[in-house]
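Engineer: Residue numbers (my numbering), protein chains in the order written: chain A, 3 to 319; chain B, 77 to 413; chain C, 723 to 1013.
Everything labelled a hint here was simulated from the structure, so no lab data went into it. Mixed in with the good hints there might be a few duds.
[To be verified] Simulated restraints on C-beta separations:
| no. | chain 1 | residue 1 | chain 2 | residue 2 | range |
| --- | --- | --- | --- | --- | --- |
| 1 | C | 845 | A | 74 | 23 to 31 Å |
| 2 | B | 150 | C | 746 | 46 to 54 Å |
| 3 | A | 317 | C | 739 | 53 to 61 Å |
| 4 | C | 842 | A | 13 | 18 to 26 Å |
| 5 | B | 109 | C | 903 | 38 to 46 Å |
| 6 | C | 849 | A | 56 | 46 to 54 Å |
| 7 | C | 743 | A | 82 | 58 to 66 Å |
| 8 | A | 79 | C | 751 | 25 to 33 Å |
| 9 | B | 142 | C | 818 | 47 to 55 Å |
| 10 | B | 209 | A | 97 | 53 to 61 Å |
| 11 | A | 56 | C | 842 | 36 to 44 Å |
| 12 | C | 739 | B | 204 | 46 to 54 Å |
| 13 | C | 751 | B | 209 | 53 to 61 Å |
[Unchecked claim] Dumping the calculated DSS-like pairs for lysine-lysine here, alpha-carbon to alpha-carbon at most 27 Å:
| no. | chain 1 | residue 1 | chain 2 | residue 2 |
| --- | --- | --- | --- | --- |
| 14 | A | 134 | C | 899 |
| 15 | B | 82 | B | 168 |
| 16 | A | 229 | B | 256 |
Backbone N, C-alpha and C fix where the C-beta goes; we use that ideal spot for every residue, glycine too.
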Amino acid sequence: MEILQYSIRKLFSGIPLILGVTLISFVLMVYFGPDKTYELLGKNPTPEEIAEVRSQLGYDQPFVVRYVDYLRELATLDFGNSDSTGERVDALLARTIPVSLALTAPGFVLGNALGILLALFAAYYRSTWVDKTIMASAVIGMSISFLIVIIAFQIIFASSYGLGWFPVRGWSIGSIGDYFSYVAVPTMATVFVALGYNTRFYRSVLVEEMTRDHVRTAKAFGVPPSKLFYKNILKNSLIPIITRIVFSIPLVIISGSLLIESYFGIPGVGKITYDAIISGDQPVLKAVVGLTAILFVLAQLLTDIMYRAVDPRITLK
Amino acid sequence: MAEDKKPPLLSVQNLIIEFATENGVVRATDNISFDIFANETVGIVGESGCGKTVTGLSILGLIPSPPGRIVGGSITFMGRELVGLPEEEMRKIRGCHISMIFQEPMTALNPVFSIGNQMTDVLIRHHGLTRRQARDSAIEMLAKVGIPAPAKRIDEYPHQLSGGMRQRVMIAMALSCDPKLLIADEPTTALDVTTQAQVLEQISKLQAEFHMAVVLITHDLGVVAETCRRAIVMYCGRIVENASIEHLFASPRHPYAKGLLDSIPQIRSQRLEELPIIPGRVPDLLQLPPGCRFADRCPRADGLCSEQIPKLAPSGTHADRVACHHPYPAVQAGSAS
Amino acid sequence: MNTVAITTVRRESLWSKAFYKFSRDRTGMISLVFVLFYMLIAFGVTLGWLATDWSDVQGGKWEGMSTTYWFGTNMIGQDIFSRAIYSTKTAFEVGLVVALIATAVGAVIGAISGFFSGTWIDEVLLWLMGVLDSIPFYLFVAAIVFAMQESPYAMHVAMISTFWTGSSRLVRGEVIKLRGLEYVEAAHAIGVSELGIIFRHILPNTTHILLVQATITFVAAIKSEVILSFLGLGVKDGMSWGLMIAESSQEVMAGFFNNFLAASVLMFGLVMAFNMFSDALQDALDPRKVS
């Protein structure tokens, strides 16, 4: 009950964020955005035809009306039809979001899990060669562009110049085996790129926790180091870890998959977003931006509830 | 006196601890030696940075390393050498035979585990109790340190307790395995004055009940006077005086110890013009003088003091020791003030 | 007067200590040499001494490595080495412009936000940062690129508008900490205006954080530039590693890797050196950093 009440209050307090995100994006993408009137018209249109298309697109309405319209679309999750394909936007999203989730989930989970694992190793063996090797590798990983990793991994693992183990591009899933073969190269690339950043971040969180007084107390009472790490230090570090993981979810789904999906030609949200950017498909862009904002508000709520579970000092107020 | 013939519970001999800092190697303790006997309470006194906390930590092998390192000397506990003891062996001693409590009860307990969880952990680990037994035992300990409604309090988290309560929890946790030696590092500094007195009283009471020795590390001579039988005065990583409380307070022999005692504000019959202070400042640990470290500030120093380090030598007929070339004369106990 | 003296002393000792510490950090010094070398190349290109022939079609299609074309030629016979060298300038230009402006904007807004923490001013600024952090980056860039009608600086503007929030949050936190310190209260007490306190007393004490943050932003800008240019949202006229990689993505399928490797290796070298330089700087300057 407490949680439910809190959640409702929290969702309401997320409204300013949603308004901000949608307003800025609306101003930039729609108000200053591409004028699609002439793309939809034939050669030598008559003024009547122009006026008709403009009213169809809503261009003749004042700014406020159009923005409120957008909010109404967001509230009802009804964004109309895509400009370029004519498909309903909600159907388009319902088709692409599962693809993006299936594509990004393994890399996301592995990238964070391995990152925490390596960070634990590095922190446990702090200042020894193990730590130094892991951290040096992390810096190297951080210095290689995502783009370069994608292309290089494609050459190495998928192309005929390399090992040729996996399909070069595309996404046609008939079986679980297909899924693994199509998701392999993108997953390896995401893990490779995320690992450096994640390991560094998690290690610094763990190391900071290691220097706390209560860790010294635990040592003074004979807690063995392995237990110290998996019980005391890890639980105390969970707040920054949760924050990082949960808040990266909204961006991983959209931005994270944009490059990989457009490069590998995988029909996920990232791909349709990229196509919408290129073609100026406003209904799709509006839907993607609005949903990202909502995801952020949900992420905030989720982290708050998780903090409460992890740290008794935090109350849901 | 008879006590001195028994082997000490803890014996520290010529202990040298060094810390690597950005600006060079600092000696946190330089050749310190002292003994702690069973059932006695000994104070280690000195200003911050004199090496008293490091000494306490070194006994449990808790010097953060790097940057710290025991360079030389030995620490024997119940006849067993602790310097160089493997970690696993050391862990069996920590919290079981030797316990330590810390200055900041706010941060010394883990904020995300209940106090019961933290206490039972120690008991399960060292005494092999079941969770149920450990919990009962922990509740009993909490009652002993004067926590009201311990069966309820045990499930609370550190932030739900007051500072004094938290320190009592620390003490309960420290004593739960019936240690032979308790090292208390500034246990009352972070507490307010009335709580301070209660906690000190609690430590004294439990010291008698548990038949343990207590090493009380503090900068507060008042605390030492109230609770200890003997005090070790440290200055710049060296022990300057080690004497029984009666002797130390009646007639301190080392000029630094005298300076410390004189600078305690106290209710005097006659109002002084100004509170006596020790002139000068503590030397930089990186650029220590070759002789006595107190020479620059000492009213009795001469050429010998700035050249030769005074040895900690027996002073008078009793167990007292002083490291000074020109100590104040010893006054026989009883004849003073 | 007293307060001024105190702040100056603290600052000087921080910087001289940092300088000493950095000069003894071997990896830091090596990375600095690399960064300076890249910078020299960028200067050379800017002054028209290097890689002037980057856009000339000189050789045949996909020529191999030779003494004339060190990294061979691309699909239409341009010298890959020249193009990669020329791109160094683009990277530096984007990195410097974005890092300097974004850090400066972040510092000012963060200082204001922190100084007025607890008031509506702070609330509004925090909301703005939250909003900017929640807009999908590529969409934001695309929108700005379009809104600015394909101006060559659209990408810079887009990055600055989103990257400043990082420095801003850091400075805000630092200012909230500093605000409680005595010298700031003393400045208040002797009647220094609020703006005076922010800009004369508080901001100068955050410069060490800003410097580190600027290096981090620099790296982020270079990496983003490459991806944005690849996606067709970044550099339009001129040459950049991202454009070279975009070009090469067809070439690699035909088994010609020189273009891709040249851009990748040069970019990796710069980013790696800068990351290490940034780390060493942080070790030397940031007292909060635990290693």
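Engineer: All hints are to be evaluated individually against the structure, with a verdict given for each.
Structural biologist: Hints versus structure:
The hinted window of 23 to 31 Å between residue 845 of chain C and residue 74 of chain A holds, with their beta carbons roughly 27 Å apart. The beta-carbon spacing between residue 150 of chain B and residue 746 of chain C, approximately 35 Å, falls outside the hinted interval of 46 to 54 Å. At about 42 Å, the CB distance of residue 317 of chain A to residue 739 of chain C disagrees with the hint of 53 to 61 Å. Distance hint for residue 842 of chain C and residue 13 of chain A: a CB-CB separation of about 22 Å, consistent with the stated range 18 to 26 Å.
At about 43 Å, the beta-carbon gap between residue 109 of chain B and residue 903 of chain C stays in the expected band of 38 to 46 Å. For residue 849 of chain C and residue 56 of chain A, the hinted distance range of 46 to 54 Å is not satisfied, since their beta carbons lie about 34 Å from each other. Range check, residue 743 of chain C to residue 82 of chain A: Cβ separation about 60 Å, and the 58 to 66 Å hint holds. Between residue 79 of chain A and residue 751 of chain C, the C-beta spacing of about 57 Å breaks the proposed range 25 to 33 Å.
Evaluation of the 47 to 55 Å hint for residue 142 of chain B and residue 818 of chain C yields a failure: the beta carbon distance comes to about 38 Å. In this structure the supplied range 53 to 61 Å holds for residue 209 of chain B paired with residue 97 of chain A, their Cβ-Cβ distance being about 59 Å. Restraint check, residue 56 of chain A to residue 842 of chain C: a C-beta distance of roughly 40 Å satisfies the suggested window 36 to 44 Å. Checked against the given bound of 46 to 54 Å, the beta carbons of residue 739 of chain C and residue 204 of chain B, roughly 51 Å apart, stay inside it.
Separated by about 60 Å at the C-beta atoms, residue 751 of chain C and residue 209 of chain B satisfy the suggested range of 53 to 61 Å. Restraint check: the Cα-Cα separation between residue 134 of chain A and residue 899 of chain C comes to about 32 Å, which exceeds 27 Å; the hinted pair is violated. Taking the CA atoms of residue 82 of chain B and residue 168 of chain B, the gap is about 25 Å. The hint holds against a cut of 27 Å. This hinted pair checks out: residue 229 of chain A and residue 256 of chain B have alpha carbons roughly 25 Å apart, not beyond 27 Å.
In this structure, the hints that do not hold are numbers 2, 3, 6, 8, 9, 14, in rising order.
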